[in-house]
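Chains as they are written, first to last, in my numbering: chain A, 1 to 377; chain B, 1 to 377; chain C, 1 to 377; chain D, 1 to 377.
Quick caveat, the hints were computed from the structure, so don't treat them as lab data. Mixed in with the good hints, there may be bad ones.
Note: identical chains are not told apart, hence a pair may lie in one copy or across any two.
In silico DSS-like cross-links for lysine-lysine, where the CA-CA straight-line distance does not exceed 30 Å [what the hints assert, rightly or not]:
(1) Lys366 - Lys31
(2) Lys31 - Lys45
(3) Lys188 - Lys376
(4) Lys45 - Lys127
(5) Lys376 - Lys45
(6) Lys57 - Lys214
(7) Lys121 - Lys188
There are 4 protein chains.
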Amino acid sequence: MKRRIRMGMVGGGPGAFIGGVHRMAARLDGKIELVCGCFGTTHEKNMIMADELLLPKERCYDTYQQMIEAEAKLPEGERMDFVAVTTPNSTHFQIAMCALEHGFHVVCEKPITMNADEAQKLAAKVKETGLLFALMHNYSAYPMTRQMKAMIAAGTIGTPRKIVATYDLGWLAGTNACKQAEWRVNPKFSGAAACVGDIGTHAEQLIEFTTGLKITEVAADLTTFVEGRLLDDDASIMLRFDSGAKGVIEVSEVASGEENQFKLRVYGTTGSLEWSQQEPENLILRTNDNAMKTIRRGWAGMLPEIGAFVRTPAGHPEGFIEAFGNIYLDFANALIARQEGKPYTTSYPDVEDGVREMLFVEAVVKSSNNNGVWTKL
Amino acid sequence: MKRRIRMGMVGGGPGAFIGGVHRMAARLDGKIELVCGCFGTTHEKNMIMADELLLPKERCYDTYQQMIEAEAKLPEGERMDFVAVTTPNSTHFQIAMCALEHGFHVVCEKPITMNADEAQKLAAKVKETGLLFALMHNYSAYPMTRQMKAMIAAGTIGTPRKIVATYDLGWLAGTNACKQAEWRVNPKFSGAAACVGDIGTHAEQLIEFTTGLKITEVAADLTTFVEGRLLDDDASIMLRFDSGAKGVIEVSEVASGEENQFKLRVYGTTGSLEWSQQEPENLILRTNDNAMKTIRRGWAGMLPEIGAFVRTPAGHPEGFIEAFGNIYLDFANALIARQEGKPYTTSYPDVEDGVREMLFVEAVVKSSNNNGVWTKL
Amino acid sequence: MKRRIRMGMVGGGPGAFIGGVHRMAARLDGKIELVCGCFGTTHEKNMIMADELLLPKERCYDTYQQMIEAEAKLPEGERMDFVAVTTPNSTHFQIAMCALEHGFHVVCEKPITMNADEAQKLAAKVKETGLLFALMHNYSAYPMTRQMKAMIAAGTIGTPRKIVATYDLGWLAGTNACKQAEWRVNPKFSGAAACVGDIGTHAEQLIEFTTGLKITEVAADLTTFVEGRLLDDDASIMLRFDSGAKGVIEVSEVASGEENQFKLRVYGTTGSLEWSQQEPENLILRTNDNAMKTIRRGWAGMLPEIGAFVRTPAGHPEGFIEAFGNIYLDFANALIARQEGKPYTTSYPDVEDGVREMLFVEAVVKSSNNNGVWTKL
Amino acid sequence: MKRRIRMGMVGGGPGAFIGGVHRMAARLDGKIELVCGCFGTTHEKNMIMADELLLPKERCYDTYQQMIEAEAKLPEGERMDFVAVTTPNSTHFQIAMCALEHGFHVVCEKPITMNADEAQKLAAKVKETGLLFALMHNYSAYPMTRQMKAMIAAGTIGTPRKIVATYDLGWLAGTNACKQAEWRVNPKFSGAAACVGDIGTHAEQLIEFTTGLKITEVAADLTTFVEGRLLDDDASIMLRFDSGAKGVIEVSEVASGEENQFKLRVYGTTGSLEWSQQEPENLILRTNDNAMKTIRRGWAGMLPEIGAFVRTPAGHPEGFIEAFGNIYLDFANALIARQEGKPYTTSYPDVEDGVREMLFVEAVVKSSNNNGVWTKL
């Protein structure tokens with residue numbers, strides 16, 4: 001009776017990075033199987049992937065439209081259940097929209113679209129169809145960012161006052177950065193912003209996810225340090241929140257020597273929390289009246305509800321793939337519950353996170369274009 | 001033509017920890033599929049697992065003998081290729097031997113057997129049959145322990161002089177430690193040693209793996225701190241190596257508050273290397289005439305050959321499951337090459353590592369029983 | 001012939017923190033002796049300090065004017081050589097000016113004065129008199145910040161592009177913060193800014209000191225989180241530099257649970273450097289084409305010229321008092337050289353650093369008052 | 001009435017390391033002044049030091065005997081109060097004995113003497129004379145090792161079971177190690193052991209100091225890795241304690257690339273504590289039923305009584321010199337109390353710690369000479 005959830009993938013062709021991560025994450029818990037895909041832009045590339053992924057050639061399609069249409073016509077016992085979208089930003093909207101229109105659920109890489117208008121259209125379509133839509137903001141699926149969210153909600157640090165997120169990486173520091181990076185600074189594929197869209201949105205999403213606050217205004221200074229680029233490779237952004245809290249997002253893709261140095265600190269009235277992606281197993285709690293605590297994934301101090309997204313005992317590190325896996329697991333569980341007619345509450349980021357991130361990007365770009373004037377989302 | 005490698009599993013029933021890790025690791029790269037198993041000791045438990053793992057009920061067997069015999073009779077296009085052994089120590093020998101005798105390759109949890117005699121019998125059988133046998137010493141499959149081995153072999157730290165490994169965890173500190181821990185201090189299931197067999201062998205294997213040296217003598221002091229236990233829960237061990245190097249292994253399962261604090265330091269004539277399992281992405285190189293270097297998985301400084309066991313870019317953490325996955329990946333690649341008649345050099349720990357770990361355990365126990373006298377392996 | 005340099009102190013009375021640090025730092029190397037002072041605002045307090053510091057009562061004066069005038073009249077072989085100013089900000093200007101006018105050299109706590117006008121007057125007076133003036137920006141006297149400055153000057157990281165400094169502490173998080181903190185949020189004693197003057201200036205000075213760049217414009221958002229305060233207790237500041245570099249300063253005194261979390265990162269075209277005050281012995285060098293290096297105080301990799309400010313071997317930690325001591329040592333060496341008619345090049349922060357910090361504070365306050373408009377220094 | 005305590009120093013001549021640290025530490029709090037010394041082995045060296053330290057030439061003596069005899073004849077208002085012994089090990093005994101016999105208190109570098117017999121003679125003389133004797137085991141004077149002792153005494157981690165101390169440094173790794181190191185591997189100056197005497201005693205003393213336990217037996221393996229040395233440069237030692245606890249000391253002076261990597265872990269029945277000299281501001285508390293705590297010097301969680309040895313606020317690092325300073329401060333306070341006829345309880349390590357360290361060294365050497373047989377102290 002029971003069966004695996006069937007995934008179709010768009011993107012993730014030969015040499016692609018993020019598509020491979022999606023596939024490993026989807027496989028991890030044994031609840032999802034990849035049944036079809038349109039991995040690359042040519043027939044040849046798709047045949048290479050069919051071979052590599054041990055898929056039937058006929059289900060490795062030349063275009064996403066072909067895939068979606070053909071799968072829609074397959075009998076229910078065969079056709080894919082959802083589409084994983086792992087292409088460059090510029091195509092997310094049409095692929096996701098096409099999938100939704102044909103009745104397929106969607107897991108989509110972030111940033112959701114090229115602009116807020118597209119994101120809102122997707123949001124409307126999701127609402128209209130009642131289909132599931134997960135946005136792959138993986139950092140919000142680490143057990144210790146979930147713990148952070150839960151502790152803030154529980155009042156552990158009082159009321160948040162100051163929030164600081166920094167994401168620094170060095171891969172675009174050189175004038176001849178790696179191939180994979182190229183489309184990211186090309187407005188045709190990336191949209192209105194590069195660094196802000198790529199990693200600034202990670203900072204924005206994780207801040208709103210963990211604190212439950214909304215950014216209301218930004219003042220931004222975008223810079224293109226490497227000559228010849230059409231988009232920003234660095235950004236400094238000041239934040240104001242609906243609660244009166246303040247914040248800073250500092251992101252750079254020309255931060256020579258940094259890998260993926262993503263850190264978040266939230267200072268509240270009675271304590272603070274700090275999380276760092278490169279040491280994701282630790283959540284640091286500081287207060288003025290107690291010794292510093294390091295809450296570790298899997299150990300005493302972790303809230304029981306976080307356990308659902310933990311796969312190994314404390315001290316046996318989990319990481320990036322497992323965080324992706326948590327979103328796939330949650331998504332698969334939601335689909336299974338739906339098939340079985342059972343209630344289920346998802347905790348993955350969704351299309352609303354996508355609308356927020358696009359509003360954020362647009363406000364940041366507008367502010368920077370107006371020499372940093374405070375600009376509402 | 002191409003197909004996934006087919007795995008049968010013994011062990012890993014409801015609530016088991018390590019069997020689940022084996023399954024996730026085997027799934028990760030999409031080269032292996034679980035096709036059958038004998039997961040638990042009762043029919044009922046196996047039916048629970050059939051349901052959970054979406055396996056056909058008829059391939060979830062009541063005993064490992066039934067499984068091995070039945071699978072051996074299946075047509076080649078259906079039957080399992082190898083057996084993953086994830087049961088308590090006491091049964092590894094007979095299961096692995098039975099699998100080998102029926103022509104199945106084996107992936108076996110460590111420690112390999114209950115004693116050196118059994119390990120040597122398995123080694124002989126592996127030699128005789130020419131079948132593949134991987135021993136799950138996962139720590140030796142982290143990219144940065146591979147890097148450590150390669151750098152030592154390349155002479156980066158000169159000649160090793162002093163080697164120190166410590167593995168401390170707290171889960172047996174209490175008098176009523178968790179259920180899962182119980183069989184580990186029971187000689188019927190664990191053999192001659194508990195803490196030494198469980199984590200001392202990790203230290204021994206990783207030392208010999210990374211340095212290429214052999215331990216020749218040990219002087220040991222085993223202790224049972226928690227009353228009522230029949231086996232050691234703590235050990236201090238001094239080491240002498242074939243090269244004249246010296247060493248220390250300090251392991252404890254009553255180290256209150258520690259998770260899996262496994263650290264290895266190797267001091268050579270011109271430099272030293274340090275690795276710590278809880279931060280597995282870092283390998284620290286220290287010398288007297290240069291600043292300390294932290295070699296990071298995936299970043300500049302990592303040797304190119306390590307790349308084969310890396311799945312995500314630097315700064316996006318990989319961990320425990322990925323290390324297990326590296327052994328499964330290597331094992332699957334070896335089987336595929338074998339099927340295709342292509343040459344392949346494995347790098348996974350094998351039955352010889354199993355013989356060494358059993359000789360080590362026996363020498364340690366003997367030394368401790370003789371009040372710490374130096375005892376040859 | 002040779003003798004100790006004689007110090008007179010203003011400030012540092014019973015219960016004061018920073019005055020005590022100045023005294024320990026001045027003592028450390030045995031080149032300076034405290035000979036007189038006006039430590040507190042009452043005769044009684046000064047007599048307590050005379051007793052505690054084993055000073056003659058007659059040289060513990062009731063007012064700084066009395067002290068400076070009386071000491072000026074003492075024979076050359078007895079009178080103080082310089083005045084250490086360790087009072088609240090509001091009095092720095094008049095004390096330092098009075099000392100200079102009477103021919104005394106000055107070591108002054110930061111921030112130098114209440115505003116840029118006062119700082120410029122002091123700078124003019126220093127120029128006019130040719131007297132020595134050291135400003136106690138202690139963070140720039142840690143060996144590893146000196147190393148940072150030297151490496152940037154040498155081009156180790158190429159051309160700086162992005163500079164990020166954060167200084168977070170929690171002592172003003174509560175509504176009833178400690179006594180010592182009170183004057184710091186009172187404009188009468190602190191000037192136009194509290195948090196920005198207190199720790200923002202540390203960030204600004206260390207940035208300009210280590211990079212050699214000048215901040216040309218700021219866009220700032222100051223906040224007073226704790227009700228009833230007249231000055232900021234938190235600030236977010238974006239920076240533009242004369243070279244085209246960009247930056248962020250984020251400082252907070254309501255960062256619950258933080259001690260003195262002061263961190264500086266400088267990203268250049270070919271590498272980056274990171275220093276953290278709470279682990280001041282480390283300077284981290286990251287590049288895209290090499291493993292991360294941690295340059296440690298006293299170890300190989302430290303530049304030879306830094307050795308002059310190192311007192312213990314690598315691995316034997318030095319800290320805050322030693323950094324203060326480095327400024328006193330440099331100052332004492334300069335005075336000795338002057339007495340002996342020998343050339344000497346000082347490396348301590350001086351009155352020009354004071355002018356810069358006041359211009360910075362004024363621009364930040366002005367920008368924040370104008371809703372974050374970019375404002376020139 | 002009140003005055004500074006007067007120190008005479010033996011050792012600490014031109015180029016010496018530890019003598020300089022003693023002088024900085026003694027100066028730090030302004031309670032001690034150096035009044036005389038016999039710093040080097042020649043008149044010329046002593047005159048250099050007189051000049052450098054601004055001491056009267058007539059109080060810089062050619063021999064320690066001259067110094068002690070001459071000072072003893074000075075009027076009470078002038079003569080030194082105590083002798084600081086900072087020479088190589090071989091001369092500690094006669095200098096300290098001579099000082100005690102002439103009525104002078106003593107601060108002595110460790111290890112106390114060349115053997116247990118000498119140490120016991122000193123202990124008897126201290127008892128007989130009632131004079132003060134501090135042994136410079138500086139690691140036991142860090143605020144966080146004091147906190148560790150206090151927490152263990154209070155039962156915070158239950159009953160200690162396993163104790164592990166490691167001290168690794170690299171300065172003797174090369175065949176031509178630095179000059180200063182030479183006398184340390186020469187039995188004429190160092191005694192029966194080099195590495196064990198030099199750093200093994202630090203480990204032993206800090207273990208007994210913090211836990212309150214006594215080592216009863218050792219099994220040791222000493223090694224001389226660098227050819228031509230007459231003494232050990234590396235040691236592995238297993239420990240048994242009077243309480244039934246077990247332990248390991250691992251020390252090496254050929255640990256290439258290590259600075260002063262001294263770490264202590266104590267595992268008790270209900271928790272554990274870890275301290276590391278290179279990050280001395282942290283004391284880590286781990287338990288099985290709570291999140292890890294990092295108790296920081298000066299912050300909430302530090303016991304109030306530790307405050308007496310704290311000079312700067314939390315987050316402003318203190319280090320090695322301050323720890324030495326704590327012993328001098330305690331010693332000076334004890335002398336002042338004695339002069340004033342007031343009661344005072346010292347907490348510095350004393351002559352009894354010296355007897356213990358010598359018994360330890362002798363047992364270790366004896367065990368190693370007997371191929372590691374368990375040997376009683």
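Quiz prompt | Those earlier numbered hints the structure runs against, lowest number first | solution = Violated: hints 1, 4, 5, 6.
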